[in-house]
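Just need the whole structure built from these sequences, with the hints factored in.
Residue numbers (numbering that gives the first Met the number 0): 0 to 615.
Hints may contain errors.
[Stated by the list, open to error] Once the Cα atoms are required to be at most 35 Å apart in a straight line, the calculated DSBU-like pairs of lysine-lysine come out as: (1) Lys446 x Lys162; (2) Lys276 x Lys44; (3) Lys490 x Lys48; (4) Lys233 x Lys206; (5) Lys490 x Lys446; (6) Lys141 x Lys52; (7) Lys468 x Lys560; (8) Lys5 x Lys48.
Please keep in mind that the hints were generated in silico from the structure rather than gathered at the bench.
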Amino acid sequence: MADIIKLLPDHVANQIAAGEVVQRPASVVKELLENAIDAGANNIKLIIKDGGKVLIQVVDDGLGMSATDARLSFERHATSKIQKAEDLFNLSTKGFRGEALASIAAIAHVEMQTKSENEELGTHLKIEGSKIIFQEASVTPKGTSMAVKNLFFNIPARRNFLKSNQVELRHITDEFHRVALAHPTIAFHFYNNGSELFNLPSDNYRKRIVNIFGTRTNQKLVPVEEETPIVVIKGFITKPEFAKKSRGEQFFFINNRFIKSPYLHHAIVAAFEGLIKSDSYPGYFLYLEVDPASIDINIHPTKTEVKFDDEHSLYAILRSTVKHSLGQFNVAPALDFEHDPNLQTPYEFKNKSVIQPNVTVNSGFNPFQETRNTASASRSYQKPNTQSWESLYVGHESKMGADDNARSISFESDTITGSIFEGEKESTEAVTTTFQIRRKYIVTTIKSGMVVIDQSRAHQRVLYEKFLKNSTVQQAVSQQLLFPLSVSFSKSEIIALQEIEDILVSIGFLFEKIEGESITVTGVPLLVAESEVGMILDQLISDYQQEITEESFSHTDILSKTLAKTLAVKTGETLDNASQIALVNDLFACKEAMVSPFNKPVYITITENDIDKKFI
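Set out below in structure tokens:
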């Protein structure tokens, strides 16, 4: 039998390895930024074109490389981070595998210029698909400039699976946030298609968070700090009232490395138990320092998964630390049974003397005076003595007779159903066939029985079709605000707003300007209250970023669903009879009345036969 196992060529092996390391342009950004940090850079520039498909460039002022190191850095398993296997348990750098640059060079056009501090000339190196095109000396400043062009140029199938430029930019921005938050002492600049997105100077943790997520984030942050032999915890959590229904501002950093840990995330959620709703997520920016020997980072090439030696202790410490911060800064309510109540005395009573209160006693009071005839009272009904309460209305005597008093009495449930026995005196008023149950369902009658409608889902369907029609068929009506409303957002949220501005205008929003970290709203849809504008725009941005798509109709659909869900009548709201009838009529005028915009049933039908079966 002929031998069938063959050794793969290096360029094929590199392309296979690249599939693990480089999944999309954001993966390249992560690897290049981490290399710049490991090189000791103080200033890092990130330049992106067309979502990273055309160009990803990282420029740093780090140590730089010699000509030999520059050539060797693109070989597989070539690294300056570790020397032996034991170094894996004492890592202080971002990278250690020696695979990133080799994988990137196998699937893209890479151009590198680098120079170390002690050399007069630097090195200019160009590689395409793992093949070195040229290497020559060049004049370049200290540090390294790495440009990655035409990603996946030799793997068309992988390139076809890339999303739109907006989606890829969103992933790149997420990776940029993670690296920038982990290293606040390093200055970062982020440029996209020639425009500056972020300019982050060297600062502390709090200011770095505020610079990335906007100035209004400052009021949300609650400091967290704890030092134990196992872990040192510092950072911030957001106040419970700012919890969101989507994930986005949850960051864990272990030894200045971003990680994902559902187990530790559960510890944070447990600390917020009772303070936020079950479907909401708290925000946090937590920096944990542990012994490098107690964690294992070498699990996945992305290095975002980490194994801990003692997860249970870390869970308990993290949960108690967050709960302590919530109580320490009066975010969570607390009961203190050892608190001295005298400390609550107002300052104006400080110098006043204690006065004994005067107590008056009615010596003629006899509690048994009105209960002498209890025996006869138990045998027959007696009219109660009303002399005592009638004395309260001296000078306001009622001139109504006994019959008038009886006619004036009203009961909570006053429905008269005597038409069965008194057919000749039947009321000529129309019978109401629509009513509300438990402030959640609307019941209305039909020929074959009755319909039970979920009022919230029904209103969602009505509003959804109305917003969808306004944005796709006709221009929506907008109500002008008497005073323009200014709302603050982070830079990434402003970018998202600019992308969906046309759709928001078609729904009914009007904007005077969208720039910097704030927008000025001059008009809102008819059904939107001015006080709800900030909350609605927050939800619209969040849903757009979570379900971002490439088609404009899909954008319109997502925003219409969000607006409908936000503005719809909620469970627990009382509707008058006119509103109930109007909602029923509007629902059955919809094109698809059976399901809500989120494909949940809106109503059920109970026929007369169904009711008859219950009485068999």
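Structure-based check of each hint:
Pair hint Lys446 plus Lys162 does not hold up; C-alpha atoms about 52 Å apart against a cutoff of 35 Å. At roughly 40 Å between alpha-carbon atoms, Lys276 and Lys44 are farther apart than 35 Å, so this suggested pair is violated. A hinted pair counts as satisfied when its Cα atoms are at most 35 Å apart, and Lys490 with Lys48 qualifies at roughly 18 Å. For the hint pairing Lys233 with Lys206, the CA-to-CA distance comes to about 15 Å; that is within 35 Å, so the pair holds.
About 57 Å separates the Cα atoms of Lys490 and Lys446, which puts this hinted pair outside 35 Å; it is violated. In summary, the hint linking Lys141 to Lys52 is supported, as the alpha carbons are separated by about 27 Å, within the 35 Å threshold. Using a Cα cut-off of 35 Å, the hinted pair Lys468 and Lys560 holds, with the two alpha carbons roughly 12 Å apart. A distance of roughly 40 Å separates the Cα atoms of Lys5 and Lys48; the hinted pair therefore is violated under the 35 Å criterion.
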